[in-house]
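A.B. asks: Single-letter residue listing:
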Amino acid sequence: MAILVTPQTKVLVQGITGSFGARHTQLSIEYGTLIVAGVTPGKGGQFFEHAGKKVPIFDTVAEAMKQTGATASAVFVPPPFAADAILEGVDAGLDLVVAITEGIPVNDMVKARRAMEGKKTRLIGPNCPGIVTPGEGKDSHGGCRIGIAPGYIHKKGNIGVVSRSGTLTYEAVWQLTCRGVGQSTCVGIGGDPVNGTSHLDVIKMFNDDPETHGIIMIGEIGGSAEEEAAEWIKKNCKKPVAGFIAGATAPPGRRMGHAGAIVSGGMGTAAAKIEAFKAAGIGVAVTPSEMADTLLKMM
Amino acid sequence: MNIHEYQAKQLLAQYGVSVPPGEVCDTPEAAKKIAEGLFAKGETLVVVKSQIHAGGRGKGTFKSGFQGGVKLCKTADDVYEKAKAMLGNVLVTKQTGPEGRLVSKLLVAGAPEIKKEFYCAVLLDRASSRPIMMVSTEGGVDIEEVAEKSPEKIVKETIDPAVGMMPYQARKLAGALGLKGDLIGSAAKLLLGVYKTWWECDAAMVEINPLCIIVGSDGKETLSAVDAKVSMDDNALYRHKNIQEMRDLAEEAPLEIEASKHGLNYIKLDGSIACLVNGAGLAMSTMDIIQHFGGNPANFLDVGGGASKDQVTAAFKIILSDPSVKGILVNIFGGIMDCDVIATGIVAAVKETGLKLPLVVRLEGNNVDAGKKTLAESGLSLITGDTMADAAQKVVKAVGV
Chain A
1 MAILVTPQTK VLVQGITGSF GARHTQLSIE YGTLIVAGVT PGKGGQFFEH
51 AGKKVPIFDT VAEAMKQTGA TASAVFVPPP FAADAILEGV DAGLDLVVAI
101 TEGIPVNDMV KARRAMEGKK TRLIGPNCPG IVTPGEGKDS HGGCRIGIAP
151 GYIHKKGNIG VVSRSGTLTY EAVWQLTCRG VGQSTCVGIG GDPVNGTSHL
201 DVIKMFNDDP ETHGIIMIGE IGGSAEEEAA EWIKKNCKKP VAGFIAGATA
251 PPGRRMGHAG AIVSGGMGTA AAKIEAFKAA GIGVAVTPSE MADTLLKMM
Chain B
1 MNIHEYQAKQ LLAQYGVSVP PGEVCDTPEA AKKIAEGLFA KGETLVVVKS
51 QIHAGGRGKG TFKSGFQGGV KLCKTADDVY EKAKAMLGNV LVTKQTGPEG
101 RLVSKLLVAG APEIKKEFYC AVLLDRASSR PIMMVSTEGG VDIEEVAEKS
151 PEKIVKETID PAVGMMPYQA RKLAGALGLK GDLIGSAAKL LLGVYKTWWE
201 CDAAMVEINP LCIIVGSDGK ETLSAVDAKV SMDDNALYRH KNIQEMRDLA
251 EEAPLEIEAS KHGLNYIKLD GSIACLVNGA GLAMSTMDII QHFGGNPANF
301 LDVGGGASKD QVTAAFKIIL SDPSVKGILV NIFGGIMDCD VIATGIVAAV
351 KETGLKLPLV VRLEGNNVDA GKKTLAESGL SLITGDTMAD AAQKVVKAVG
401 V
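Taken in sequence, the protein lines are chains A and B. At position 218 of the first sequence the residue is numbered 218 (our numbering), and the sequence of numbers has no breaks. At position 401 of the second sequence the residue is numbered 401 (our numbering), and the sequence of numbers has no breaks.
None of these hints come from the bench; they were simulated from the model. Treat the hints loosely; a few may be bogus.
As the list claims (entries may be wrong) - Simulated pairs of lysine-lysine, DSSO-like, Cα-Cα distance not exceeding 27 Å:
id	chain 1	residue 1	chain 2	residue 2
1	B	172	B	94
2	A	53	A	156
3	B	326	B	261
4	B	149	A	278
5	B	196	A	111
6	B	356	B	317
7	B	105	B	41
8	A	138	B	372
9	B	220	B	261
10	B	220	B	41
11	A	66	A	54
12	B	317	B	372
13	A	119	A	156
14	A	111	B	156
15	B	220	B	241
16	B	153	B	105
17	A	204	A	119
18	A	111	B	189
19	B	394	B	356
20	B	229	B	74
21	B	172	A	111
22	B	261	A	138
23	B	317	B	261
24	A	111	B	229
25	B	189	B	116
26	B	41	B	116
27	A	111	B	356
With these hints in hand, go ahead and build the complete structure from the sequences.
C.D. replies: Spelled out as structure tokens, the structure:
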């Protein structure tokens with residue numbers, strides 16, 4: 001079944017006409033993802049054309065959903081307008097909004113999260129690589145790719161991957177694929193301090209997904225989301241979990257690229273997270289080169 | 001981005017937070033003049049405070065031997081002397097590191113009689129994705145120590161961002177501080193102003209330590225923000241022109257300023273192995289794996305998703321201007337980017353910078369074979385690594401740690 005999205009999920013792209021959004025929409029179309037609509041206010045009625053596909057553009061998310069049956073969205077809208085774009089998708093009643101945009105003001109996300117309370121939409125990100133559910137074709141073609149991850153590194157299979165980081169996720173996925181082990185779904189939850197979906201949310205979905213047999217959880221310094229996930233895994237998770245935490249050598253008080261990757265007031269250290277992983281029976285990869293092998297040894 | 005105490009107090013005052021009267025200056029003469037004005041208005045004690053982006057100023061030592069970056073004075077002449085001893089000198093505190101910070105600005109302010117010291121801060125609670133205000137009766141001390149030894153002395157109030165901080169919440173916190181009578185109203189007004197400063201300015205943190213009960217010349221007790229620290233959410237700076245202007249480049253590492261001009265995220269560390277990586281998580285874990293195999297990372301450097309040839313060249317130049325660097329590890333996962341384009345960029349950058357240090361390159365991803373071929377045929381004496389572990393071990397060996 002995979003989680004969150006399947007190859008049948010119909011996807012719309014908010015910000016399809018921007019250069020970044022357009023480039024990755026092309027790659028998703030080439031991957032075989034059902035990109036059914038674009039949304040750019042003022043450009044309704046135009047088309048986004050690529051590889052023989054003609055994707056209609058609408059002024060609003062609601063109109064795009066009504067005309068095409070899209071249920072998920074990729075947000076490539078620039079930071080000052082991104083929270084508004086997310087909430088437009090929530091208001092229109094999308095099942096899933098995946099916000100790729102990096103650099104959204106924290107307070108905008110605080111407001112957006114508050115406004116989303118009680119709504120059915122799930123938000124992934126922001127500042128994330130997105131989601132991939134690999135397909136059955138060559139180089140996992142025919143899957144659902146929402147975001148910016150390279151599609152070809154994936155392989156259809158039974159490992160779930162969840163991570164706050166982009167390239168580190170690719171590293172884990174590629175290690176699996178090179179060992180002939182495929183993935184059910186790979187989810188990048190993003191590197192910002194306020195995000196829509198936590199490690200724990202995704203772990204719970206993987207735990208309930210019959211197609212997922214093992215999980216790789218990649219975390220980094222800052223906050224306590226990894227600890228919360230570990231606590232739940234200890235009590236409830238039926239599947240083997242391997243983990244890696246980035247940032248053991250990061251100096252305290254400095255933001256390491258991601259807005260959320262900061263050790264402050266002695267909180268959010270790599271050491272504390274690794275301790276929590278060990279206490280929960282999560283296999284800890286000592287270096288990022290061993291993420292896949294650590295999990296495979298447990299299975 | 002961090003700002004100075006005097007700038008933080010300017011922002012707080014705009015939102016109705018009571019701060020001791022004072023002004024900033026950069027000469028002893030101006031310091032004296034401000035002090036004369038304060039004494040004329042009835043202040044009996046004036047404080048001279050070094051303005052640097054680091055704590056522990058009061059207990060710091062200047063490289064000249066002068067003790068203390070914060071001094072209390074009873075006369076304007078004394079203010080002049082103290083200002084002269086501080087300005088243009090380097091202050092070393094427990095937070096500056098041994099290199100210290102040059103003091104080029106002073107805050108000269110009234111030093112009211114302090115009856116009691118508290119702590120107050122507003123920050124984001126990541127677990128609930130809402131702001132929280134925390135207060136403590138333990139003011140004027142290191143709050144991290146309080147959190148560790150007596151966490152019950154820190155009281156937190158979560159703010160609903162849909163309605164903002166309500167007066168009853170401020171009164172609740174005033175009650176937690178043990179305040180009674182008129183002080184409840186004084187504290188509530190101040191705390192609401194602190195929250196408003198955090199929210200309206202898009203601050204990452206506002207910290208008032210100490211927040212004091214002060215005694216006026218008429219004997220009346222009120223609350224005042226005697227020290228203040230504000231850091232900003234960099235993502236939101238675009239909508240605050242006035243705060244952008246508060247940036248003090250002298251407080252930032254020159255290499256980090258240079259890197260930000262090229263869209264590179266660079267943080268200098270103390271080790272000898274430089275790294276150049278795409279993506280923050282991969283960059284952090286590259287530092288970690290260098291240490292795991294016995295080396296020490298010289299920096300964090302994320303070249304981002306694009307990593308053009310110009311960016312790679314700029315990155316090499318920045319890395320090479322750090323004299324402690326003895327070797328370089330390039331770790332690129334070219335997911336969307338063509339590894340051959342990156343390899344071409346690396347070769348060009350190495351030739352342009354005349355690199356002499358050992359260089360280990362680990363490329364993975366899209367069109368990687370062509371990328372490896374480009375590196376191999378470049379005639380450069382670089383070392384290639386197949387995995388992160390392989391590359392890290394090779395660079396550690398090459399610098400002979």
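A.B. asks: Out of the numbered hints, which ones does the structure contradict?
C.D. replies: 1, 9, 13, 15, 16, 22 and 27
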